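Novice: Since the structure of chain A is already known, use the hints to place chain B on it.
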Amino acid sequence: MSEQDDPNAPGQNVPAQRDDAGDLIATRHGMFGAAGGADTSGYGGLVRTVRLPGASGRPYGGWFDEVADELEGALEEQGLVPENVIDKTVVDRDELTFHIEREYLPTVARTLRDDPALRFELCTGVSGVHFPGDKGRELHAVYHLRSITHNRLIRLEVSAPDTDPHVPSLVEVYPTNDWHERETYDFFGLIFDGHPALTRIMMPDDWQGFPQRKDYPLGGIPVEYKGAQIPAPDQRRSYS
Amino acid sequence: MSSSPTSPTPEAPSASQAPPRETTEGTVYTVTGGDWDEVATAAAKSDDERIIVNMGPQHPSTHGVLRLILEIDGETVTEARCGIGYLHTGIEKNLEYRTWTQGTTFVTRMDYLTPFFNETAYCLAVEKLLGITDQIPDRASVIRVLLMELNRLSSHLVAIATGGMELGATTIMIYGFRDRELILDVYELITGLRMNHAYIRPGGLAQDLPPGAVDQVRALIKKMRKNLPEYDKLASGNPVFKGRMEGIGYLDLAGCMATGATGPLVRSAGLPHDLRKSQPYCGYENYDFEVPTADTCDAYGRFLIRLEEMRQSLRIVEQCLDRLEPGPVMVADKKIAWPAQLALGPDGLGNSLDHIKKIMGTSMEALIHHFKLVTEGFRVPAGQAYAAVESPKGELGVHAVSDGGTRPYRVHFRDPSFTNLQAMAAMCEGGQVADVIVAVASIDPVMGGVDR
Numbered sequence: 020m021s022e023q024d025d026p027n028a029p030g031q032n033v034p035a036q037r038d039d040a041g042d043l044i045a046t047r048h049g050m051f052g053a054a055g056g057a058d059t060s061g062y063g064g065l066v067r068t069v070r071l072p073g074a075s076g077r078p079y080g081g082w083f084d085e086v087a088d089e090l091e092g093a094l095e096e097q098g099l100v101p102e103n104v105i106d107k108t109v110v111d112r113d114e115l116t117f118h119i120e121r122e123y124l125p126t127v128a129r130t131l132r133d134d135p136a137l138r139f140e141l142c143t144g145v146s147g148v149h150f151p152g153d154k155g156r157e158l159h160a161v162y163h164l165r166s167i168t169h170n171r172l173i174r175l176e177v178s179a180p181d182t183d184p185h186v187p188s189l190v191e192v193y194p195t196n197d198w199h200e201r202e203t204y205d206f207f208g209l210i211f212d213g214h215p216a217l218t219r220i221m222m223p224d225d226w227q228g229f230p231q232r233k234d235y236p237l238g239g240i241p242v243e244y245k246g247a248q249i250p251a252p253d254q255r256r257s258y259s
Numbered sequence: 281m282s283s284s285p286t287s288p289t290p291e292a293p294s295a296s297q298a299p300p301r302e303t304t305e306g307t308v309y310t311v312t313g314g315d316w317d318e319v320a321t322a323a324a325k326s327d328d329e330r331i332i333v334n335m336g337p338q339h340p341s342t343h344g345v346l347r348l349i350l351e352i353d354g355e356t357v358t359e360a361r362c363g364i365g366y367l368h369t370g371i372e373k374n375l376e377y378r379t380w381t382q383g384t385t386f387v388t389r390m391d392y393l394t395p396f397f398n399e400t401a402y403c404l405a406v407e408k409l410l411g412i413t414d415q416i417p418d419r420a421s422v423i424r425v426l427l428m429e430l431n432r433l434s435s436h437l438v439a440i441a442t443g444g445m446e447l448g449a450t451t452i453m454i455y456g457f458r459d460r461e462l463i464l465d466v467y468e469l470i471t472g473l474r475m476n477h478a479y480i481r482p483g484g485l486a487q488d489l490p491p492g493a494v495d496q497v498r499a500l501i502k503k504m505r506k507n508l509p510e511y512d513k514l515a516s517g518n519p520v521f522k523g524r525m526e527g528i529g530y531l532d533l534a535g536c537m538a539t540g541a542t543g544p545l546v547r548s549a550g551l552p553h554d555l556r557k558s559q560p561y562c563g564y565e566n567y568d569f570e571v572p573t574a575d576t577c578d579a580y581g582r583f584l585i586r587l588e589e590m591r592q593s594l595r596i597v598e599q600c601l602d603r604l605e606p607g608p609v610m611v612a613d614k615k616i617a618w619p620a621q622l623a624l625g626p627d628g629l630g631n632s633l634d635h636i637k638k639i640m641g642t643s644m645e646a647l648i649h650h651f652k653l654v655t656e657g658f659r660v661p662a663g664q665a666y667a668a669v670e671s672p673k674g675e676l677g678v679h680a681v682s683d684g685g686t687r688p689y690r691v692h693f694r695d696p697s698f699t700n701l702q703a704m705a706a707m708c709e710g711g712q713v714a715d716v717i718v719a720v721a722s723i724d725p726v727m728g729g730v731d732r
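Order-wise, the sequence lines are chains A and B. First residue of the first sequence? That's 20 in the numbering used here, and the numbers climb one at a time after it. First residue of the second sequence? That's 281 in the numbering used here, and the numbers climb one at a time after it.
Bear in mind the hints are in silico, worked out from the structure with no lab data behind them. Nothing here was measured: the structure is a model prediction, and the numbers come from that model. The reader is advised that the hints may include incorrect statements.
Said to hold, decoys possible - The calculated lysine to aspartate or glutamate pairs, modelled on DMTMM-like cross-linking and capped at a C-alpha distance of 25 Å, are:
1. 373/B to 181/A
2. 615/B to 111/A
3. 615/B to 418/B
4. 557/B to 588/B
5. 557/B to 113/A
6. 373/B to 176/A
7. 557/B to 526/B
Said to hold, decoys possible - Just the calculated beta-carbon pair ranges, DEER-fashion:
8. 361/B to 233/A: 29 to 35 Å
9. 492/B to 73/A: 51 to 57 Å
10. 239/A to 550/B: 47 to 53 Å
11. 492/B to 82/A: 30 to 36 Å
Cβ coordinates follow ideal geometry from the N, Cα and C atoms, glycine included.
Here chain A stands alone, though its shape is the one from the complex:
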């Protein structure tokens, strides 16, 4: 039997990923969350990739093009090259997302707030997301900006590596982000540079670790229900 025909060789007998579009954020092996040879389901060789929607091309459709044009124009007026500032633009599920290089975040936010054609007056805060498999871009900060003047909503996303978890603070531009950034710091350990008082807000001040990171355990104990032991939620079979 030649090596190529070996059914046990990795990559053999595995169907190709159905959809290679989008940005790879994680690779999953096997099924049911089993690891260390405990998987007897026959799915042990399964390799799946997790992909988020990738960059979109023009036209974005609707008012998205207008906002993108205005933003790029306004950035050029400030002597910036839009390609260096906007990492990529994603249109997905009727939502417009600008992925911003983190050092330009305050500039972009200020432009979006002050430019009369953009006028995103209201920031609905920041939400952190942890992608441990997205090497070099593990920690994401997601901002939703609402324009009451133009009745629009857009999303800004920045990422930072685990080794350098710094993102510029937006409190100067949107004071409402004060508590939101403290919350994201508290749960994800993202450090918002320039925040006036970046302290924990939900967890006790002397808490160790950042609870919403994916490698932080949920905790819990098994409980007995109708005679059976039900494992703690993070020990149960997972299909993701």
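Specialist: Just chain B now, kept in the frame of chain A:
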């Protein structure tokens, strides 16, 4: 209560009071409703005017476990800060270990006074991720709107009731809770529970309205129409009430935009910003209602707005009843729709016996389908979505991220109470201690939503 280090000569403490303690921050007096005179005397001896009062986290006037840290000079608040987090329960983390459907059971417990808004916002986000927003049956959307508007009434009633109580107006408290009870009875009839319903599910509703629900809601509208004017008679023109509320908790439009305040706060500053009008969801564009505003920027304006919003909610509820057409309350896609209807059994609400008879006795495929969907859940395509609803307190936004699995990868709730509470310092600093209570009550924060 503490003041800077001095040489206090504390008198013998009374029985109801712990002895003063020396700390690095100054002398700490613990006062639990006992004799304030001793503290006042000791504070007067101190040569430092700076006194910091910790109000809460266990205090009847702070709307739950909110801690207010007030630096006072005489009766004037010079600096005010909030301490929050006492009710943090890690709901967002817990969601990541349950299926998407089980998520409603968690999110309904966030802001426990607005459960239907939490559920709807969460379900709208999940439905957006699934791409089934257009497939939600009309009847499900109408019932969602009906419950949300009843919920707006019950939430505003609590806001007005507790706000009144904190001013010492116990009658308005009794009225508010009396009327809220009527609405909770309707919830109980429809969902089986008075709070924490988990009734609105991704794809539609847990089950249809029970027999008699429409009649009971009609009776409720009639009763509320009769009761709502009582608040006007009791409070709106009451000179004492107005004297406590007018000009208190001042936050103008610029302040609202900066602090991100939405809901009655921004509407009391004159901006008719309401997501039901500007970004309609659940078919709100088909209902006839008005967005009340005030230009006073104060607690009294917010009180009047809440009263008017309750009247408008009643109008919407009435239109919902007229728009109710028979039909399904769950999406047709059997890979998403929960397989069973619930029924009341001898041990509470559970799967209907008819359904169990079918899956156990007649169809193996139905049993497999039920088992897979209930234990594993449905898969949601990878991506992220943001859905927002206009809750009684403001913009309630949900940022949901999926990695293509059967569990949420990340769900973040932008709770309006959390954001609005940031405005507390701007509203209170420079005012009187007694007005802090009024200002906080006019924000109407619910700590379950703030801390999640």
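Novice: When you check the alpha-carbon spacing of residue 615/B and residue 418/B, does it fall within 25 Å?
Specialist: Measuring from Cα to Cα gives roughly 20 Å; hence the hint holds.
Novice: Under the criterion that the straight-line Cα-Cα distance not exceed 25 Å, is the pair residue 373/B, residue 176/A satisfied?
Specialist: This hinted pair holds, its Cα atoms lying about 21 Å apart.
Novice: Is it true that residue 492/B and residue 73/A lie within 51 to 57 Å of each other by Cβ?
Specialist: holds (52 Å)
Novice: Holds or violated: residue 557/B and residue 588/B, Cα atoms, limit 25 Å.
Specialist: holds (16 Å)
Novice: Taken at face value, is the distance from the CA of residue 113/A to the CA of residue 557/B at most 25 Å?
Specialist: It holds: about 19 Å lies between the C-alpha atoms, which stays within 25 Å.
Novice: Given the hint of 30 to 36 Å, check if residue 492/B and residue 82/A actually sit that far apart at their C-beta atoms.
Specialist: violated (47 Å)
Novice: Just tell me: holds or violated, for the beta carbon distance of residue 239/A and residue 550/B against 47 to 53 Å?
Specialist: holds (49 Å)
Novice: Are the Cα positions of residue 557/B and residue 526/B separated by 25 Å at most?
Specialist: violated (28 Å)
Novice: Run the distance test for residue 615/B versus residue 111/A: straight-line Cα separation, threshold 25 Å.
Specialist: holds (23 Å)
Novice: May I ask you to test the hint 29 to 35 Å on the CB atoms belonging to residue 361/B and residue 233/A?
Specialist: holds (32 Å)
Novice: If you draw a straight line from the CA of residue 373/B to the CA of residue 181/A, is it 25 Å or shorter?
Specialist: holds (19 Å)
Of the numbered hints listed earlier, those contradicted by the structure are 7 and 11.
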